[in-house]
Every structure is written in C-alpha cells, then in structure tokens.
Amino acid sequence: MNVFKNKHSANAPGPFISVNCDLQASISNRVNFNTQNIEFQQDANSNRIAFIARSYENALMNTRKGMMFIFPSDIKSGSYKPTDADFPFGTFQYYEIGVNDNFSTSYDYSPKSGTVDIEVISNDSEALCYVINFDYVGGGDETEELHITGKAEFNVFMRAF
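Heads up, the sequence shown is in our numbering, so the first residue is 1 and it goes up one at a time.
Rather than coming from a laboratory, the hints here were simulated on the basis of the structure. Small disclaimer: the values here were computed from a predicted structure and weren't measured. Be a bit skeptical, because a hint or two may be false.
[Said to hold, decoys possible] Label pairs and their in silico Cβ distance ranges:
#1 P72 x F157: 27 to 35 Å
#2 E144 x S104: 15 to 23 Å
#3 Q36 x G14: 43 to 51 Å
#4 F157 x P88: 19 to 27 Å
#5 S125 x V31: 33 to 41 Å
[Claimed, not checked] Dumping the calculated DSBU-like pairs for lysine-lysine here, alpha-carbon to alpha-carbon at most 30 Å:
#6 K112 x K151
#7 K81 x K151
#8 K151 x K76
#9 K76 x K112
#10 K112 x K81
Each residue gets a CB set at the ideal place from its N, CA and C atoms; glycine is no exception.
Taking the hints into account, I'd like the entire structure generated from these sequences.
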C-alpha cells in the first residue's frame, strides 16, 4: 500500500532505490520490537517521505505490529517534542493489529509527550540518511498508554541506471 497518491506518472524511469534500515524499540508491557523489514515511499507531489517498519511479512495476522514515520525529506537535525507546533512528522506512531474471527483493527500509539531527536546524515540526490532516537508516551482514545523508546536508522541510496 502506498501512503501517497501520485497525481502524475513520470515518463522517464526514476533512479534505482535501495533501502538499508534498522529499527530497535522497547515498548512497555510488550516484547522488544526489532526489524530491518522497512519499506520506503516518496510522495511524487511533495518532499514527504515515509518509512514503514513491520514485524511481519504477509502472514501471521495476529502478530502484526510496526512503526510509521512520515516527514519531509529536508527535515532538520534537532530535538522535537510532539506537542510543539513545529513537530515535523505528519505521522509518527507505533501500531498493533488486533484480530478476531471476522475482522481486524489497528491500535495506534502516537506520541502524547516525550522527545524525538533527529540527526540528518545525508540529504541529497544520491542518499537520504537519518538517525532518529525517540522516547515518548503514546496512545489513543481506544488504547492504553505505552512508553516507547528506541532508535531508527534510515538509509536510502539512489542510483542511476
């Protein structure tokens, strides 16, 4: 699933993209969440990018969990609080999928308090590299609050044919 809608398709082929990422998180009352199964997406209509980290491939519906980060590719290094007006993330959340015999639902844990520290390593036409450290309390109207801490290393390399 693409989180961005493409209004125009390009006629020329784009660069070849390789993704090299790692996410390690500690979540209260849960087992640790560690994955390199991270999808990268770009919005063709803006500078927004997305990294979607998952604990699963396509099976095991009742064990699905992950984290989603959507932010501008030109994000600045710094320390941010989710309550700040200039919090640069459109989406920053941990999620779990709950299932029963007939349905599934998503439980989202977006930050209510805490800090997100961003280090921009590279941001050019050849590489997007970010290190994100996070320590926050998150939850929603239908979920309990969880304390989530961790580190994400996102590396995207773009090469011409």
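Status of each hint after checking the structure:
Between P72 and F157 the Cβ separation comes to about 19 Å, which falls outside the hinted range of 27 to 35 Å. Checking the proposed 15 to 23 Å range against E144 and S104 shows it holds: the Cβ atoms sit about 19 Å from each other. For Q36 and G14, the hinted distance range of 43 to 51 Å is not satisfied, since their beta carbons lie about 23 Å from each other. Restraint check, F157 to P88: a C-beta distance of roughly 23 Å satisfies the suggested window 19 to 27 Å.
Checked against the hint of 33 to 41 Å, the pair S125 and V31 passes, with Cβ atoms roughly 39 Å apart. For the suggested pair K112 and K151, the alpha carbons sit about 18 Å apart, so the restraint of at most 30 Å is met. Our distance criterion of 30 Å between C-alpha atoms is met by K81 and K151, whose separation comes to about 16 Å. Restraint check for K151 and K76: the C-alpha separation of about 17 Å stays at or below 30 Å, so the hint holds.
About 21 Å separates the Cα atoms of K76 and K112, which keeps this hinted pair within 30 Å; it holds. As the CA atoms of K112 and K81 are separated by approximately 9 Å, the hinted pair is consistent with the 30 Å bound.
This entry does not satisfy hints 1, 3, going by the numbered hints stated previously.
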